[in-house]
Every structure is written in structure tokens, then in C-alpha cells.
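Q: Here's the letter readout for the chains.
2 protein chains.
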Amino acid sequence: MNFADEVCQRVQKVGPLVVGLDPHIEYIPPFLLEQELQDKGKTWEALATAVEKFNRILLDELHGVVELIKIQMAFYEMLGIPGLIALKSTLDYAHRLGYIVIIDGKRNDISSTASAYARGYLSSVSFPGGWLDSYWNADALTINPYLGEDGLLPFIEEANKVNKGIFVLCRTSNTSSPTIQDVAGPEKVFVKVARLVKNLGTVLIGNTGLSSMGIVVGATYSEDIRFLREQFPSLLFLIPGIGAQKGDIESLRYAFRDDGLGAIINVSRGIIFAYRENNNDGLGEGFEKKARDRAVYFQEKFREIIHENSQSY
Amino acid sequence: MNFADEVCQRVQKVGPLVVGLDPHIEYIPPFLLEQELQDKGKTWEALATAVEKFNRILLDELHGVVELIKIQMAFYEMLGIPGLIALKSTLDYAHRLGYIVIIDGKRNDISSTASAYARGYLSSVSFPGGWLDSYWNADALTINPYLGEDGLLPFIEEANKVNKGIFVLCRTSNTSSPTIQDVAGPEKVFVKVARLVKNLGTVLIGNTGLSSMGIVVGATYSEDIRFLREQFPSLLFLIPGIGAQKGDIESLRYAFRDDGLGAIINVSRGIIFAYRENNNDGLGEGFEKKARDRAVYFQEKFREIIHENSQSY
Chain A
391 MNFADEVCQR VQKVGPLVVG LDPHIEYIPP FLLEQELQDK GKTWEALATA VEKFNRILLD
451 ELHGVVELIK IQMAFYEMLG IPGLIALKST LDYAHRLGYI VIIDGKRNDI SSTASAYARG
511 YLSSVSFPGG WLDSYWNADA LTINPYLGED GLLPFIEEAN KVNKGIFVLC RTSNTSSPTI
571 QDVAGPEKVF VKVARLVKNL GTVLIGNTGL SSMGIVVGAT YSEDIRFLRE QFPSLLFLIP
631 GIGAQKGDIE SLRYAFRDDG LGAIINVSRG IIFAYRENNN DGLGEGFEKK ARDRAVYFQE
691 KFREIIHENS QSY
Chain B
391 MNFADEVCQR VQKVGPLVVG LDPHIEYIPP FLLEQELQDK GKTWEALATA VEKFNRILLD
451 ELHGVVELIK IQMAFYEMLG IPGLIALKST LDYAHRLGYI VIIDGKRNDI SSTASAYARG
511 YLSSVSFPGG WLDSYWNADA LTINPYLGED GLLPFIEEAN KVNKGIFVLC RTSNTSSPTI
571 QDVAGPEKVF VKVARLVKNL GTVLIGNTGL SSMGIVVGAT YSEDIRFLRE QFPSLLFLIP
631 GIGAQKGDIE SLRYAFRDDG LGAIINVSRG IIFAYRENNN DGLGEGFEKK ARDRAVYFQE
691 KFREIIHENS QSY
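Going line by line, the protein sequences match chains A and B. Here the first sequence is numbered in this note's numbering, starting from 391 and rising by one per residue. Here the second sequence is numbered in this note's numbering, starting from 391 and rising by one per residue.
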């Protein structure tokens, strides 16, 4: 099935929340980390095993509440090969439980090198005398558009072969994203990116009218969300910035189409580290219950916004 | 020692060539790949082992001719965990032989996530109760500026702690790089990026007056090289696009300062796969001699340009 269609089905089932598995090592529940450090010493293996256990407990607990997971590569790459083994194991486990998994790697390069990323993360790798299915086998990958059109095309080509998704950074959620993204010729860079993605992504449009080549738009820029939604109805938005980054939940109102589709909302720390918000928690036991409660809260809140939104039309 | 100073020393010793280890799996000498496929079957381990052997033979052979190596992450990530093990092993081996190693990962993200990349590739990773030196331990990393200033700062902070380098994509060598990079407000995006890097990178300036935070400028845009050299004397250029991408060697004339410093020139396929240019070669045995000859040729050519350039002043 087309990636965007599959995402829409899941959104209709439980809501648009994407839980980000961004395992900041300093926030991992102490009861998990300390045990591993004791067993394995101060090693990459200890850190990576704690991360992997943390992820599995979360994936078990969030099952049924959430259908979409985003994995932030940086935190796994930081832990070297053991970290990447934990990433692969997390990804496979999430797939076994039926989650859709977006790898947030913000990859970018040109021609055959971009194609190597696209084949490695999404489709398949051929070599003289054979081929192998993608090792990482993500359902979608985030990419960075700074290199322009020919940096994007290889990703579309590979995604198209295997019905997978791409999210192109457009308007990022950070404070200084305007430095580059608001430079304006006839139109601002981020609008140009959105237009480019719309045009290139036409081949990936599914039954919902949404393309499997979407864009990343930060919740912290609500006017831009509104503008992009109006201008680009075929783009699926991946929206970070709610929670730790203080993006306004109300600004999400503009992210959805009348039919309630068109956006998925990422929350990472605000869910997976919810246990830290109360100082009474000591070693973090039961962190997964707090994460689940928070995920339920966000799904309800988002569904409410979608509902109000569609009624106002 | 300051990264830029260290690079300049090496350039003065042998020349500005940076050999790119971009192991396109379809171009690996057949005698290496076939042996591994026979021994290990059609597996990631077979592909990764062939890559690692290829790299080691090249590193041994190029020793003394070349001091700077660039490793393109995409080709290793594409081969999964075995590929990343080959990358780590290549990197360590290159260090053992005394090379300076730039990881070309074009990484990018914001705040704590950007910091995770910077710590993972360059400096050190702390966790409750301890810290570990960077697993990957590159000497420099390429990064992408689309997210603006606060996406760059964490890299500077970490590089500064350990005297390492950063190269920010500025004017990339591909055909459609102008799509984004030429959008012009008061100045074009790529010029704005260069200005930003100049300002942010002041803290990393060494004895040569060059900063360890440099920029990537494609050899395919000679007028831009000239302009950037004139405007930004403190920026160290990493220049790809010679060889496979048909960038003009003569355009490099503008890349250097009067003292012959200020730029390092990447050639990847044009050297490591030089053996393929002659159809007589069958299984690719002796590929390393061709690579060495070609590296010697490029170093001579570049030194000649530097020499002519400094005489013309």
C-alpha cells in the first residue's frame, strides 16, 4: 500500500501522534542504566543495552495507543556500533508489533551517494551478481533539501519502488530556522522547498490525495503551518516541536485538512521522559505508564482539534 | 594542534589532495568482491569485508603520497552494521598510518540532537556517572546548514573542545545546487552560509589565519570559488567535484590564498577506481598502483597550480 495511505489509515484508527524514540542517555531511567553499567562497566554496550531495553518497554506499553514511531538516528550513532545494533533491534521489534517506523536521519547528498542512502534505508542494494533488501528497512526517512532537486530525486526513485515515504525538511522548528529558510527571492526558501516537494512528489500520491513525499514543518511556526496547508493540500506534514520545544498545540488546528488528515504530530521527550517531570520518581520505575498516559492525553487532544476543525467547516 | 593548522602542515608536506573512500559496491575490483561472495555468500558481511580490504590496500599504497582522507558515510551505512564495522576499522587503520580523516556525513539537526552528532563523531559522550571518548573519533565532519545558526553551534562547541574540524556545505558541486543555494535576499543563501560560518568559526582560527570551521565549495562553480576566496580569507575550503563530476582543475587556481593554503581538494572515484578506465583490466588486480599513480598526478597538478598562483602575485 502507498505509504501516505497507510499512515492515514493508522491516523484514522488511533490519532496522528508520532512518538519519537530519542533516547537522550542522561534521561534514561536510572534503574535501567545503572544496572547495565554495573553489569557491563562504563562501556558503549552498557549504554546501548539500556537504550534498547528502554525502547522495548515503551513499544510494548504504547501498543494500541500509538501507531507511528520516529527514531532519531543521532542518539544511536552517538553510541557507535552498539548503538546502531540497538537501533536495528528497536526497529525490528517495532515492526514486529506493527508500528510504522520513520527514521529521522536528515540525510542528504547528491546522485549516486544520495541513492546509496535511499537504497540503504528504504529499498534494496544491488551488487555484481545479486541484491539484498534494505538492511535498515525503515518505512520512511527524513531528508534535507539544501542540495536541491538532484539531491531529492534519488530518494523519490527508491521510495517509489517499494511504496515507502520521505519527509523533506521544510520549515524546521528551531529558533534560528529563518536564517536560511526565510531568505526570500520571489518566494522564501522554505516555500520553494515545499513547492519543489509538491511537484516532485506527485508520483507518490495515493488514494487520500496525499503524497508519500511529505515535509517537516515545526509546530513553533503556526502561521507558516497555516500557509503551507492552504497552498499545498497534497503534502503530508510531519510536525515536531510540541512538548519540549513549547510549540503551541492550538497551532496544529491549521495543520489538518477538512477530512482530518494531512498531518502527523511528533512528540518525543514530552512522552518518553514524562516520568522526569515529577521529582518524586527516583529511579524511574514505572516510566512506561507515565509515557502511556501522556500518549493517551496527546492522542485525545489531537483528535479533539481535528474534530473541532472539521466541524468549523 | 588546531585542526586547520594541522591540515596546512600536511598540505605543505605533500599537497592538498583529499582522497575520498567512496566504495561504490559495483566498482570494487571483482577479484576482491568475488572472493568474499564465494566465502560468505550473498551477505552484508561479504560486501563489507570486500570494502574493508579495498580500503586497507588503498591506504597502504597511498601512504606518503596523500595525507588527507575523506570517508563518505552513505556507502557504509548502506551495508548495515557490517558496513559500519568496516567504516570504523578503515578509520582506525587510517589513523594508525597517520592520515587525517574527514567523515563526510552531511549531518544536521538542532540543539541537543545536533550535539549528539557532534559528540558522537568528534568529542566525547557523557552519561550519569561517566564519559567515553567519541566512538567514531573523526578528525572532522561535514555538516549541512539548512537549519541555521542554532544547528551549527553545537558542532562548533564540540569541535572546539578537542581541536577538531567542521566543513559546512556552502556551494555544493551538483547541477541543481542553485535551487536553494542561489535564492537571493540581500545576498544569496550560499553567501549567507559562508558569512555565518566565518562569524561563528572565528573561535577556531589557528596560526595560519584559517578556521577549523571551513566550507564545502564545488569545483564545478569556479566563479563562486573566486568570489568566496576573495570575500572570506579565513575559510578553509573543502572542494569536491574534480574527476567524476568534471569540475575544471583550472578553476582551482582561485581557491588558494597567495601562500598556497586555504583549500583541500577531494577526488574520489577518479583515484580509487582509476583501474576501471582501461578496459583491459579484467578483475582489477593492481588497482592500487593505478590509484597511486593518479594520486601522484593530482598532487603534482595541484602543487603546480599553487606555484603558478603564488608567482602571479
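Treat the hints as calculated values from the structure; they're not laboratory data. Since we're looking at a predicted model, the values are computed, not measured. Honestly, I wouldn't trust all of these hints.
In the DSSO-like style, the derived pairs of lysine-lysine whose C-alpha atoms are separated by at most 27 Å in a straight line are [as the list claims (entries may be wrong)]:
1. Lys578/B / Lys432/A
2. Lys430/B / Lys478/B
3. Lys578/A / Lys403/A
4. Lys551/A / Lys443/B
5. Lys478/A / Lys578/B
6. Lys443/A / Lys432/B
7. Lys432/B / Lys478/A
8. Lys443/A / Lys478/A
9. Lys432/B / Lys432/A
10. Lys578/B / Lys403/B
11. Lys578/A / Lys478/B
12. Lys578/B / Lys588/A
13. Lys430/A / Lys430/B
14. Lys578/A / Lys679/B
15. Lys578/A / Lys478/A
16. Lys478/A / Lys403/B
17. Lys478/A / Lys588/B
Q: Does each hint fit the structure? Answer for all of them.
A: The hints, checked one at a time:
1. Lys578/B / Lys432/A: The hint is violated at about 47 Å.
2. Lys430/B / Lys478/B: Given pair Lys430/B, Lys478/B holds - Cα atoms ~21 Å apart, limit 27 Å.
3. Lys578/A / Lys403/A: Judged against 27 Å, a Cα distance of about 36 Å means the pair is violated.
4. Lys551/A / Lys443/B: Distance ~32 Å between Lys551/A and Lys443/B Cα, so the pair is violated.
5. Lys478/A / Lys578/B: violated (40 Å)
6. Lys443/A / Lys432/B: violated (31 Å)
7. Lys432/B / Lys478/A: holds (20 Å)
8. Lys443/A / Lys478/A: Holds, at about 13 Å.
9. Lys432/B / Lys432/A: violated (36 Å)
10. Lys578/B / Lys403/B: Distance ~36 Å between Lys578/B and Lys403/B Cα, so the pair is violated.
11. Lys578/A / Lys478/B: violated (40 Å)
12. Lys578/B / Lys588/A: holds (24 Å)
13. Lys430/A / Lys430/B: Violated. Lys430/A to Lys430/B sits at ~31 Å, over the 27 Å cutoff.
14. Lys578/A / Lys679/B: violated (50 Å)
15. Lys578/A / Lys478/A: Violated. Lys578/A to Lys478/A sits at ~38 Å, over the 27 Å cutoff.
16. Lys478/A / Lys403/B: Given that 27 Å is the threshold and the Cα spacing comes to 43 Å, the pair is violated.
17. Lys478/A / Lys588/B: Violated - the C-alpha atoms of Lys588/B and Lys478/A are around 38 Å apart, more than 27 Å.
Comparing the model with each earlier hint shows violations of hints 1, 3, 4, 5, 6, 9, 10, 11, 13, 14, 15, 16, 17; every other hint is respected.
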